[in-house]
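Peer 1: So the protein lines, in turn, are chains F and A. Just so you know, the numbering used here puts 66 at position 66 of the first sequence, and the rest follows in order with no gaps. Just so you know, the numbering used here puts 37 at position 37 of the second sequence, and the rest follows in order with no gaps.
Calculated from the structure, these hints are not laboratory results. What you are looking at is a predicted structure, and each value in this text was computed from that prediction instead of being measured. Not one of these hints is a red herring.
Only some residues are given here: those of chain F computed to face chain A with a beta carbon under 7 Å:
#, residue
1, L112
2, L120
3, S124
4, N125
5, L127
6, A130
Simulated restraints on C-beta separations:
#, chain 1, residue 1, chain 2, residue 2, range
7, F, K107, A, Q76, 23 to 29 Å
8, A, S120, F, K107, 28 to 34 Å
9, A, K115, F, K107, 31 to 37 Å
10, F, N135, A, T117, 18 to 24 Å
11, A, Q76, F, A137, 27 to 33 Å
12, A, D156, F, N135, 16 to 22 Å
13, F, Q98, A, A118, 48 to 54 Å
14, F, S74, A, K62, 50 to 56 Å
15, F, A84, A, Q49, 40 to 46 Å
16, A, D156, F, S99, 36 to 42 Å
17, F, K107, A, P68, 22 to 28 Å
18, A, D156, F, A132, 15 to 21 Å
Even for Gly, the Cβ is constructed at its ideal location relative to N, Cα and C.
Here's the letter readout for the chains.
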Amino acid sequence: MMEAAELKRLLEKYYAAETTLAEERALKQYLEQHPAQQVSEQPFFQAVNEFKLLDTPIQEFRTSSSESRIHRLSVWRRTLRQVAAVAILALTTVAISQSYRRYERNKAEALLQQNVEADLMRISNLLNQADANLNNAVKNAVIPGLNN
Amino acid sequence: MKAQFIILLLLSLSFNLAFGQERNSGKADDSFVDAYFTTYAKMPGYDAQMMGEAMVKRLNDKEAWKHPSIARIMKQVKTYKNLSMPVTPEFTSSMLEQLDQQVKKDRRYDQYYRKVTANSTVIIYTRGKQLIKEIAVVSIAWGHLTVSSFIGDQIDLESVRALSENR
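Chain A with its partners taken away, still in its complex shape (with noise of 0.2 Å):
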């Protein structure tokens, strides 16, 4: 009884070890600015914004989007989330450490590709591996910030890229 009972708290620990830093980093419907901006919601200027899903669906269905191709892909998209807010060259280094920093824990999103010039940073991130669930992008330059992310079920990269392509 004693030797099963230790197997159980043993098997208890290794999963926690394994899959709880996971679990505990954010819920998994949480957006790109939810899971790592909201901290600085206090910050002068913070500003965020969401288009929910019942928004997307009404501007769809109204096909208020200019261009047929952005169409398409909001039929992908369920909910849109934007935030912008003023940063110091201070600030922005350590914010993009630390985001880093947890992005690399958290493991649930990619870094699919990061452009870094003298005067601004631009970092896609995407998540989900087959399926692209959420695609965000964290752009500062000229110092201001914008973070912007699209959620949704299946989101196709390739029609997002192709966009400016058909424009």
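With the rest of the complex left out, here is chain F (with noise of 0.2 Å):
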């Protein structure tokens, strides 16, 4: 006779899908033997209740040779999710990467450009000035030697 406490535990267990297979026979034996009505713990055999009217026969689906599948099935899913994870961050990383230097690169191609353009207008100043001097250093130089 299975006790109140070893039934609890039993249905935790089941809901938890930890149950094996001899605890969910014994417990679908106890629970064919002893309707929930009959039981303390209401709120427990309620559950029970469906549970036996599911009555659905306790099959061993899984064999050694399907469970190794199984199992290397979720393994190789595992590492392709590992993989593809870590190809996503390194793709990402570059391309995060490659738009900065992309960005670094213009940012100092438009400084070089704005250098270029501000030190052309300085020296087209600078020979203007240069003229402009000279000019004035032959006019007075020369106007008043002909004004003489």
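From the two separate chains plus the hints, produce the assembled complex.
Peer 2: Take a look at the structure:
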């Protein structure tokens, strides 16, 4: 005769999908023999009733080969997921670093372009100043001489 | 045989005396910045930048220049170099003295224009006699030195001068 505590433990294990086949068989057997109304833990046995109504035969779905296949598949899936995550991370890093490099290059290029334009304008102004100074010097030197 | 050897030796010595100095004074493709300012590279605040041929070409192809006259000049330019660094008045006077001596000794560059005021000094140098291959401008004002150099095969000084008029 299964005790209430044991029954409770088994049911909890069952709902957590942790029961062994033997435990499930024992549980089913017990519940077939004891209708829910006779048991003091009423809330549990409402669920138990549903369990009984389902009346699904306990079947062993897992064989050792299928289990190892499932295990292999899950390992593969996990590995693939990890590889995909690493690839996505690497691609994102590369994309971000490339766009940052492009931004820095454009910034440097724009700055240099500004320098070039400013320098050309400065040289142009200086050359004009040089011409103007030369003209003034010639004018000052030659015109008084002509007047004399 | 001995006499021939002595003549050859004398010829080689005179050749070295005549042209040796110029050949040792830097590569022909060097810019003004490379020729006279690399010795200051370890000074604090030294900042040199270069716009290479590919970048100049790319900007020319993109028609990125602000003014058509600048675009026309930049088609004659292959490389642009720029240097800037903070300088003290003491350093400035010794540096200018040294620069004058080196340029005179080197004979590759001609001083085209020099303007000295109480607070600033600006000197324009050119390289090349018939065809101007480089224009460099050294400017020292308010404790800051900037040197810019435009290198090309044939830079038209007149179009550079006219730039500020055509603006």
